[in-house]
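Peer 1: Using the sequences plus the hints, can you model the full thing?
Those letters in the sequence shown? Residues 1 to 241, per the working numbering, in order.
Since the hints were derived computationally from the structure, they do not count as laboratory data.
C-beta atoms are modelled at their ideal positions from N, C-alpha and C, and glycine is treated no differently.
Please note: incorrect hints may appear among the correct ones.
Computed beta-carbon distance windows for the label pairs [said to hold, decoys possible]:
#, residue 1, residue 2, range
1, Ser170, Asn63, 19 to 25 Å
2, Gln66, Pro136, 28 to 34 Å
3, Pro140, Thr44, 21 to 27 Å
4, Ser74, Asp107, 17 to 23 Å
5, Thr145, Asp169, 19 to 25 Å
6, Val95, Pro140, 19 to 25 Å
7, Asp86, Thr59, 26 to 32 Å
8, Asn63, Ile201, 21 to 27 Å
9, Thr180, Thr39, 40 to 46 Å
10, Ala149, Thr88, 32 to 38 Å
11, Asn97, Gly181, 36 to 42 Å
12, Gly56, Gln98, 33 to 39 Å
13, Gly110, Thr88, 26 to 32 Å
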Amino acid sequence: MTLSSRVGRYLTFILLISLSALVGILNLTGVTPAVQAGTAAVVTLYPDHDARVSEGSPTTNYNGQQLQVGWSPSSGGRNQSLIRFDLTGLPAPIVINQATLRVYVRDVSGAVPRDIIVRRVLGVWDEATVTWNNRPALGPIQTATAVGAAGWVTWDVTAQVQRWVDGVDSNDGFFLVGPTGVPAYEFYLASKEVTPAPELIIDYDLRSTRTPTPSPTPLPTFTPLPTFTPTPTRAATYTPT
Numbered sequence: 001m002t003l004s005s006r007v008g009r010y011l012t013f014i015l016l017i018s019l020s021a022l023v024g025i026l027n028l029t030g031v032t033p034a035v036q037a038g039t040a041a042v043v044t045l046y047p048d049h050d051a052r053v054s055e056g057s058p059t060t061n062y063n064g065q066q067l068q069v070g071w072s073p074s075s076g077g078r079n080q081s082l083i084r085f086d087l088t089g090l091p092a093p094i095v096i097n098q099a100t101l102r103v104y105v106r107d108v109s110g111a112v113p114r115d116i117i118v119r120r121v122l123g124v125w126d127e128a129t130v131t132w133n134n135r136p137a138l139g140p141i142q143t144a145t146a147v148g149a150a151g152w153v154t155w156d157v158t159a160q161v162q163r164w165v166d167g168v169d170s171n172d173g174f175f176l177v178g179p180t181g182v183p184a185y186e187f188y189l190a191s192k193e194v195t196p197a198p199e200l201i202i203d204y205d206l207r208s209t210r211t212p213t214p215s216p217t218p219l220p221t222f223t224p225l226p227t228f229t230p231t232p233t234r235a236a237t238y239t240p241t
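Peer 2: Shown next as structure tokens:
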């Protein structure tokens, strides 16, 4: 093997070692990032289902009428309302920064102020068929707001909406209910058929997602080249004449 070919092989070996080391460093440090989060948005949703149910008329369906929350023993007892919002159009995964339920109170009567309490609905229902007798069960209390006059009423439902978009709970909507065993009162609320309809205002951010860091590429193993030792050229022997 000539001197030039041995030097060429040696330089090629050094180049491959350097390139492999560079690839390993890039993999370890994650130089190529995944798509980053940070996209924020605020959306306002309107109900896809809402209805009221009345203990005084337990088999009557009130779809298409105003919503109602109250307690009136003389007219049969409790009035409650159900509201559901379709969340399937939201991107995923997201972080809910704030979720606010807003309902417009059109009129009040009786002994107010009283709390309007938000609870989770624990079961499937349909606005066209729901009645007092077949209504789903009520879940835990989410929040409550004291109401004493007509106007917008708001509730912070951030935690529950986050659980819905994460798939932890089934999204069957909210119950609006009131206290019992107190002097009679009624709240008359705007439904989705009128203006202003109930709203669910959601402020969210896209969750951060990162591609898993790949394992570093192992360096190739090379068999060391033999050390090049040039053969000395024998000098010519000078013989005097």
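Peer 1: So, for every hint listed, does it hold in this structure?
Peer 2: Hint check results:
1. Look at Ser170 against Asn63: about 22 Å separates their beta carbons, and that is inside 19 to 25 Å.
2. Range check, Gln66 to Pro136: about 21 Å between beta-carbon atoms, so the 28 to 34 Å window is missed.
3. With their beta carbons about 26 Å apart, Pro140 and Thr44 fall inside the hinted range of 21 to 27 Å.
4. Against the hinted window of 17 to 23 Å, the Cβ-Cβ separation of Ser74 and Asp107 comes to about 18 Å, which satisfies the hint.
5. The hint said 19 to 25 Å for the Cβ distance between Thr145 and Asp169, and at roughly 22 Å that hint holds.
6. Checked against the given bound of 19 to 25 Å, the beta carbons of Val95 and Pro140, roughly 23 Å apart, stay inside it.
7. Taken as a hint, the range 26 to 32 Å holds for the pair Asp86 and Thr59, whose Cβ atoms sit roughly 28 Å apart.
8. Our hint of 21 to 27 Å for Asn63 and Ile201 holds, since their Cβ atoms are close to 25 Å apart.
9. At roughly 45 Å, the beta carbons of Thr180 and Thr39 sit within the given window of 40 to 46 Å.
10. Ala149 and Thr88 have their C-beta atoms about 36 Å apart, which keeps the hinted 32 to 38 Å range intact.
11. Between Asn97 and Gly181 the beta carbons are some 37 Å apart, a value that agrees with the proposed interval 36 to 42 Å.
12. Hint check: Gly56 to Gln98, Cβ distance near 37 Å, so the stated range 33 to 39 Å holds.
13. Taking 26 to 32 Å as the suggested C-beta distance range, the pair Gly110 and Thr88 does not conform, at roughly 39 Å.
Of the hints listed earlier, those the structure fails to meet are numbers 2, 13, in rising order.
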